[in-house]
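Number of protein chains: 2
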Amino acid sequence: MNILFTCAGRRNYLIDYFRSALGEDGGRILAVDASHTSPAIQEADKAFLLPYVNDPSYLPKLLNLCEQEEINAIISLNDLELPLLAGHKKEFAQAGTAVLVSDPEVIDICFDKWKTDRFFSRLGIRSPATWLTLEEAKTAVAEGRLSFPVVVKPRWGTASIGIEFPEDMRELELAYELVRHKLMRTFLADVSSTDEQHAVMIQQYLPGKEYGLDVVNDLHGNYQATVVKQKLAMRAGETDKAVVVDNPSLVAIGEKIGRELKHIVNLDCDFFEHQGACYGLEMNPRFGGGYPFSHVAGLDLPAAIVSWLHARPAADDVFSVRFDTVSAKCDRLVYVDAAEKSLVYEPERK
Amino acid sequence: MNILFTCAGRRNYLIDYFRSALGEDGGRILAVDASHTSPAIQEADKAFLLPYVNDPSYLPKLLNLCEQEEINAIISLNDLELPLLAGHKKEFAQAGTAVLVSDPEVIDICFDKWKTDRFFSRLGIRSPATWLTLEEAKTAVAEGRLSFPVVVKPRWGTASIGIEFPEDMRELELAYELVRHKLMRTFLADVSSTDEQHAVMIQQYLPGKEYGLDVVNDLHGNYQATVVKQKLAMRAGETDKAVVVDNPSLVAIGEKIGRELKHIVNLDCDFFEHQGACYGLEMNPRFGGGYPFSHVAGLDLPAAIVSWLHARPAADDVFSVRFDTVSAKCDRLVYVDAAEKSLVYEPERK
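As they're listed, the protein sequences go chains A and B.
So that you can map any letter, position 309 of the first sequence is 309 in the numbering used here, and since no number is skipped, the others follow by simple counting.
So that you can map any letter, position 234 of the second sequence is 234 in the numbering used here, and since no number is skipped, the others follow by simple counting.
Any given hint might turn out to be false.
Said to hold, decoys possible - Now the in silico label distances, taken between C-beta atoms and shown as ranges:
#, chain 1, residue 1, chain 2, residue 2, range
1, B, Glu91, A, Gly237, 33 to 43 Å
2, B, Asp45, A, Ser320, 43 to 53 Å
3, A, Leu343, B, Asp108, 42 to 52 Å
4, A, Asp218, B, Glu346, 50 to 60 Å
Claimed, not checked - Reference listing, derived: stretches of chain B covered by chain A, where coverage requires no fewer than 3 residues with Cβ under 8 Å from a Cβ of chain A:
#, segment
5, 35–42
6, 105–116
7, 321–333
In short, the hints are calculated from the structure, not lab data.
From the three backbone atoms N, C-alpha and C, an ideal C-beta is built for every residue, glycine too.
With the sequences and hints as input, model every part of the structure.
Below, the structure is given as structure tokens:
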């Protein structure tokens with residue numbers, strides 16, 4: 001069993017978790033990244049450098065690599081890569097590689113936060129009141145339907161790029177125009193340009209406890225479990241401290257989402273609780289930066305995935321967690337072997 | 001030998017480095033923080049919770065704790081705490097505790113980026129052209145003395161709060177006003193209000209390689225060594241990937257700064273190279289987020305500090321580094337013991 005992480009970056013804990021999951025059955029963890037200094041590249045059993053995801057040669061090289069290294073499953077950790085892999089699952093399947101990525105429609109609902117909002121609404125899940133133009137938001141303020149502070153963020157976004165929390169009208173105007181201005185020239189511009197008049201969202205900010213959910217489906221999109229974490233601190237757009245909590249309301253919401261969305265494997269969701277009600281914010285159809293907090297509390301999704309890939313049912317205990325488990329991230333240093341520079345992947349000639 | 005980290009936060013690698021440095025001589029690493037979920041609190045030999053630094057009871061409690069736990073030296077990792085400790089070294093000295101923090105004038109030069117700029121100028125060190133008002137900057141653009149992109153950042157700042165990189169005049173206006181607006185209501189407002197008309201800096205952006213310097217002085221401010229790292233990636237305002245380089249020009253600049261500033265122990269400096277010339281950006285009079293990259297390459301400042309505290313010279317090899325050492329940070333999870341909640345420090349009655 002060979003498992004490949006693409007855009008592997010700095011999620012070294014996932015390499016450790018999957019290596020443990022392979023356990024007695026044996027197998028290798030491979031990693032690819034565009035940078036030879038990626039920490040995950042250093043600690044995988046075998047690693048390769050590939051071009052950036054938006055390079056035309058990326059996909060054919062990845063496909064070739066999967067055949068050559070007999071990769072059984074791919075896990076992607078990059079929002080910009082998910083749609084690409086989602087659209088080419090069949091080619092990988094023909095090479096014997098399962099792409100553990102949701103279908104394109106699911107990724108579209110998650111990546112477009114306005115569609116996420118509509119999805120929540122359709123399922124009867126609360127979400128903060130949202131506007132897509134500054135004029136509409138200003139009218140809402142004037143009519144008392146929107147009050148400060150508010151949230152200004154890109155409709156298509158990743159890792160909290162450009163999120164602002166204006167506390168008065170002038171700051172809203174400045175933040176809206178600045179986010180829009182910056183968005184138009186970032187790497188998200190390609191996506192946003194599909195509807196650039198509605199590329200920035202203005203949302204009601206509601207104070208309350210923040211939660212991260214791991215909503216787990218199996219390889220075929222069948223719902224399995226939901227683990228709820230209260231976020232205690234954020235850093236660089238990721239959960240930095242969290243506690244796993246017993247919250248039946250959010251578990252029920254997670255189940256509703258998982259059964260309706262039919263995503264593949266993991267869905268990372270952001271919720272918050274305001275005056276006793278739960279509100280949905282975002283969904284990421286992949287392992288999120290908050291997954292390790294569930295893992296150290298007992299969730300073992302890597303073990304479940306390895307079982308499923310072996311066409312076995314997951315063990316009974318892999319979805320059980322110890323409530324009130326608190327943990328926090330800190331940094332460790334990974335030495336980068338300069339010899340890794342030779343790892344640029346070139347397909348073998350057949 | 002007991003060493004205490006205040007505002008210890010998530011710098012667990014420093015705890016490890018100092019524990020190794022204590023080595024055969026023995027001793028304990030203690031940590032205090034305002035939060036029981038701080039990762040450093042979990043891994044110190046002994047830990048206490050104290051109020052926030054701006055709480056009036058913070059300093060007397062810390063002083064009491066140092067006496068009670070027989071602390072030999074304090075290392076602070078928080079920019080907002082440095083001026084407080086710098087102003088009360090004598091009281092701690094009377095309790096037998098060396099505060100390894102620079103003098104108030106040094107901290108003032110570092111914390112006020114405009115004074116840093118003047119300091120560089122006085123030493124003949126280049127720095128990017130800088131303006132303190134939007135009007136002056138706009139005039140400079142009109143007269144061709146400033147060109148886009150530019151940098152907009154708080155004059156008194158920490159961890160890159162509110163830094164913007166406008167690429168045209170409209171974006172400069174928006175960014176300047178927004179940064180100023182936000183600054184006035186953040187925790188930095190107290191400091192900035194000393195000169196709130198000049199609280200935001202506009203700097204010429206110059207492309208080039210970025211460097212971090214560890215400029216090392218001894219406990220009395222005598223220059224010892226400079227280690228230069230080229231930054232390869234940033235995250236959450238900290239160096240995330242770096243390579244230690246052989247750069248005699250920057251070592252010479254580090255020596256000039258260390259001898260003139262006479263800071264205590266470590267000074268973390270940001271420089272960049274543009275068209276063959278070195279430009280100074282910022283100085284932080286403490287262990288910076290880039291220190292571990294020097295450490296894994298061979299710099300052992302903790303060992304030097306422990307020697308100096310024992311009134312011994314530092315070993316010959318503690319300032320030697322292996323050039324071209326590349327390393328990268330990644331996350332690890334620290335389990336937070338709920339029992340730590342009982343660690344709130346209450347001074348014993350005498």
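Results of checking the hints against the structure:
1. About 41 Å separates the C-beta atoms of B/Glu91 and A/Gly237, a value consistent with the hinted range of 33 to 43 Å.
2. A hinted range of 43 to 53 Å for the beta carbons of B/Asp45 and A/Ser320 is inconsistent with their spacing of about 34 Å.
3. Hint check: A/Leu343 to B/Asp108, Cβ distance near 48 Å, so the stated range 42 to 52 Å holds.
4. Distance hint for A/Asp218 and B/Glu346: a CB-CB separation of about 52 Å, consistent with the stated range 50 to 60 Å.
5. Figure legend: the segment 35–42 of chain B, annotated as covered by chain A; annotation consistent (5 residues with Cβ-Cβ distances under 8 Å, at least 3 required).
6. Counting residues of the segment 105–116 of chain B whose C-beta sits closer than 8 Å to any C-beta of chain A gives 0, which falls short of three, so the coverage hint is violated.
7. Using a Cβ-Cβ cut-off of 8 Å, 10 residues of the segment 321–333 of chain B lie near chain A, which meets the minimum of three, so the contact claim holds.
Checked against the numbered hints given earlier, the structure breaks hints 2, 6 and satisfies all the rest.
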